[in-house]
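Novice: With the sequences and hints as input, model every part of the structure.
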Amino acid sequence: MANFDWAYWLPVIFAALMVISMFAYVILDGYDLGVGILLELEQDTQQKDKMIASIGPFWDANETWLVLGVGLLLVAFPMAHGIILTALYLPVAIMLLGLILRGVAFDFRVKAQAHHQPLWNRLFFVGSLLATVSQGVMLGRYLTGFAPGWGAWGFALLVGLSMVAAYALIGASWLIMKTSGALQQRAVRWAQRSVWFAALAALLVSIATPWVSPRVFDLWFSLPNVFLLAPVPIMTAALFGVIAYSLPKLAQRQRNGNDNFCWLPFAATVGIVLLSFFGLVYSIFPHLVIDQLTIWQAASSTDSLMIMFVGATFVLPTIIGYTIYSYRVFWGKAGELSYQ
Amino acid sequence: MADALLDPVVLARIQFAANITFHILFPTISIALGWVLLFFKLRFNKTGDAKWMEAYGFWVKIFALTFAMGVVSGITMSFQFGTNWPGYMQAVGNIAGPLLAYEVLTAFFLEATFLGIMLFGQKKVSNRMHTVATILVAGGTTLSAFWILVLNSWMQTPAGFEMINGQAHVTDWLTVIFNPSMPYRLTHMLLASGLTVSFLIAGVSAYRYLKGQTTASVQATLKTGVILAAALIPLQILVGDMHGLNTFKHQPAKIAAIEGVWHTERGAPLMLFAIPNSETRSNDYAIGIPKLASLILTHELNGEIKGLNEFAEHPPVGKVFWSFRIMAGVGILMLLASWLAVWQIHRHGIPKASVSRLLVAMTFSGWVATVAGWYVTEIGRQPWLVQGVLKTADAVSKVPSGMVLSTLLMYLALYALLLASYISVVFYLARKPAH
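These protein sequence lines are chains V and C, in that order. Sequential numbering of the first sequence, starting at 1, is according to the working numbering. Sequential numbering of the second sequence, starting at 1, is according to the working numbering.
Calculated from the structure, these hints are not laboratory results. One should not assume that every hint holds.
[As the list claims (entries may be wrong)] If you want a taste of the chain V side facing chain C, the calculated C-beta under 8 Å gives, among others:
no.: 1; residue: Leu-85
no.: 2; residue: Leu-90
no.: 3; residue: Lys-111
no.: 4; residue: Gly-151
no.: 5; residue: Trp-196
Computed from a predicted model, the values in this text were never measured in an experiment. Backbone N, C-alpha and C define an ideal beta-carbon position, used for all residues, glycine too.
Specialist: Printed below as a string of C-alpha cells:
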C-alpha cells in the first residue's frame with residue numbers, strides 16, 4: 001500500500017462509480033420511462049392509475065441516479081463534462097423537456113381539473129418517450145465520438161429507437177412483477193412484443209457500432225479477443241431467449257393464479273443491460289471522450305477527488321441501505337396510490 | 001438589439017437565469033413546507049385532533065406537486081452547469097465539484113427516497129416511522145439548501161483557496177464552507193423560504209375560508225400561516241440588514257448599485273425613487289431620505305459610502321437598484337399585512353374579509369421578494385461569476401447562438417405553461433371541498 005498511486009486509481013474509482021450510477025439509472029428510471037411509454041397503449045383510466053401506482057413511490061429517487069451520474073461527470077471529470085454536454089446540447093435539451101413533462105405529469109394527472117387529466121396522461125407518455133429517444137440518441141452520438149454526417153446521426157437515431165424497445169421491455173417486465181390480473185396479462189403481451197424489438201435493436205446496434213467505429217471493431221474482432229469475448233453476445237442471446245420462452249408460460253400460469261417466477265423477465269432484462277454495460281465500458285475504457293480524452297486527462301485534482309471519495313465511502317452505503325428499505329416497504333404487488 | 005440577442009454570453013445568461021428563476025420558486029416552498037408538515041403531524045400526534053391531520057392531508061398534496069416541480073427543474077440545472085458554463089467547472093471545479101457532490105449524496109437521495117414513504121407509505125409503516133420519514137424529507141431539503149448556499153456564497157465571497165495555473169485549489173475546506181457571507185446568506189434564504197410558505201398557507205387558507213370552507217382545519221392553518229409570517233418578518237428584516245452590512249464590507253460595488261451611489265459620499269441619502277442613468281452616471285428624478293443610507297450601512301449619519309465611479313467595473317445599476325426596492329417593498333408589505341391579520345385574529349378570532357382578500361392577493365408574494373432578492377445578489381456580482389476570480393464572459397460555452405436561442409424559447413414556453421398550471425392547480429385544490 002506504501003506506493004498506492006491515488007492519482008491513478010481515484011479517476012478509475014470515479015469512472016466506476018459513474019458507470020454504476022448510470023447502470024442504476026438505466027434499470028430504475030428505465031422501468032419508470034418504460035411504464036410511461038406503455039401508458040399510451042392502455043385506454044382504461046383505472047388501469048393507467050395502477051400502472052403509475054407501481055412506480056409512484058420510486059420514480060423520484062430513481063431519477064436521482066441520473067443526477068449523480070451526470071454530477072460525477074461534472075465534478076470528477078469537468079473537462080469531459082464540458083466537451084460531452086456541449087456536443088450533446090440539443091438531445092440533452094430535449095431529454096430535459098421530456099423529463100420535466102414526465103415528472104410534473106405524475107402530480108398534475110391526478111390533481112388537475114378533471115377535464116385536463118387526459119392531457120396530462122398524454123404528456124406523461126410524450127415526456128417518457130422524448131426522454132427515452134433522446135437518451136438513446138445521446139448514447140449513439142457518444143459512441144461515434146460525436147462524428148458529423150448523416151451516417152453518424154442515422155446511427156444515433158437507430159440507438160434512440162432501440163432505447164424505446166429496451167425501456168418498454170424493462171417497463172413491461174416491471175409491471176409483470178408488480179401487478180396482477182388483467183393488467184399483468186396485458187403487460188405480458190407488451191413484453192412479448194417489445195422483447196423482439198429489443199433483441200432486434202440489440203443485434204443492429206451490435207453490428208452497427210463496430211461498423212461506425214474502427215476502434216471498437218479492432219477491440220472486439222482481433223484475435224484472441226473475438227473468442228474471449230464471445231460469451232458476452234452468447235449470454236445476451238440466451239437471456240433474450242429466456243424472456244421470450246418464459247413469457248407465454250408465465251401468462252398461462254398467472255391465469256391460473258400461480259404467480260411464481262413473475263420476477264424472471266425483469267431479472268433477465270437486468271442481466272441483458274448489465275452485459276450491454278460491460279460491452280460499452282470494454283469498448284470505451286480508458287477514454288471518456290472517445291479518441292480524445294482519457295479519464296486521467298479529464299479528472300479533477302487528486303485532492304478534490306479524495307474529499308469526495310471519503311464522503312462517498314460513507315454516504316453511498318447509507319443510500320443503498322435506505323433504498324433497499326424503501327423497496328421493502330413497497331414490496332409485492334403495487335397498491336392504490338394514496339396519501340392516506 | 002438583434003445582435004445583443006444573439007450575443008452568446010447574454011443568451012447563456014438569460015437561459016440560465018430563466019431556469020434558475022423557475023427552479024428557485026419550488027425549493028423556496030418545499031424547504032419550509034416540509035417543516036410545516038412536520039408541525040401539523042406533531043400537533044396531531046400530540047393532540048389527536050383530526051383538524052391537524054386534515055391540514056396535513058391537504059398540504060402534503062401541494063408539497064408533492066411542488067417537490068416534483070423542484071426536482072425536474074433542478075435536473076435541468078445540473079446539465080446547464082456544463083452546457084452553458086463549461087469554463088466555470090474548469091476554473092473552480094475543485095471547489096464547486098465536491099460541494100455539489102455532497103449535495104447530491106447527502107440530500108437528494110435522502111429526500112427523494114423518504115418522500116416516497118412520506119407520501120404513499122402512511123399505511124405501510126408505523127406512525128413513528130412516518131414521522132421520521134417526514135423529518136428526513138424536511139431535513140434533506142434544508143441540507144440541500146445548505147450546500148447550494150455554501151457554493152453560492154463562496155462565489156460571492158471566495159475564501160480558503162489559491163489559484164494555480166488558472167485553477168482554484170483548496171487550502172482549507174472549513175474556510176471554503178464557512179466563507180464570510182455564508183451564515184448571512186443561508187439564514188436569509190431559510191427565512192425567505194419560511195415567509196414564502198407562511199404567506200402561501202395564509203393566502204390559500206384565506207381563499208378557502210372566503211369560499212365557504214370555514215372548517216376548524218382551515219382556520220387552524222390560516223392562523224398558523226399568519227402567526228408564522230408575523231414572527232418571521234421582523235427577523236428577516238434584521239438578518240437582511242446584517243447581510244447588507246456583510247455585503248458592504250466584501251462587495252462594496254454591489255452596495256453602491258443597490259443604493260444608487262455614483263460618487264463616493266458622506267451622509268448618503270436612502271433613495272426611495274430614482275432612475276439610475278448610466279449615460280450621465282447620476283440618478284434622474286431622485287427622491288431620498290437624507291443620510292439614511294449612511295446611517296444604515298455605517299451606523300453613522302456621515303459615514304462614507306464608496307461610489308460606483310471608484311470601481312473600474314461594476315454591475316448594471318438600474319436592475320440591482322430596482323430589484324432591491326421590489327424585495328424590500330414586498331417585505332414591508334408583508335410586515336403590515338401579517339401584523340394586521342394577527343391583530344384581527346387576536347380581536348375577532350379570524351381576519352376580516354378585506355384582510356383575508358389581501359392575504360389571498362399576497363399568496364405568492366414570497367416568490368416576488370425571493371426572486372427579486374436573488375437578482376440583487378446575482379446581478380450585483382456581475383461582471384464576475386466568481387467575485388474577483390472568474391468573469392462570467394470567460395466561462396461561457398461555445399454552443400452556437402441559434403441553438404441556445406431555440407432551446408431558450410422552448411424552456412420559456414414550458415415554464416410559462418407549468419407555472420400557470422401550478423398556480424391554477426393550487427387554487428383548484430383549495431376550491432375542491434375536502435372529503
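Novice: Next step is simple, just say for each hint if it's right about the structure.
Specialist: Hints versus structure:
With a least beta-carbon distance of about 4 Å to chain C, the hint placing V/Leu-85 at the interface is held under the 8 Å criterion. At a threshold of 8 Å, the smallest CB-CB gap from V/Leu-90 to chain C is about 6 Å, leaving the interface hint in force. Checking V/Lys-111 against chain C: minimum C-beta separation of about 5 Å stays under 8 Å; hint holds. Given hint, V/Gly-151 at the interface with chain C, is violated; its Cβ is 22 Å from that chain's nearest Cβ, farther than 8 Å.
Using the Cβ-Cβ criterion of 8 Å, the hint placing V/Trp-196 at the interface with chain C is not satisfied: the shortest such distance is roughly 33 Å.
In terms of the numbered hints stated before, the structure departs from hints 4 and 5, listed from lowest to highest.
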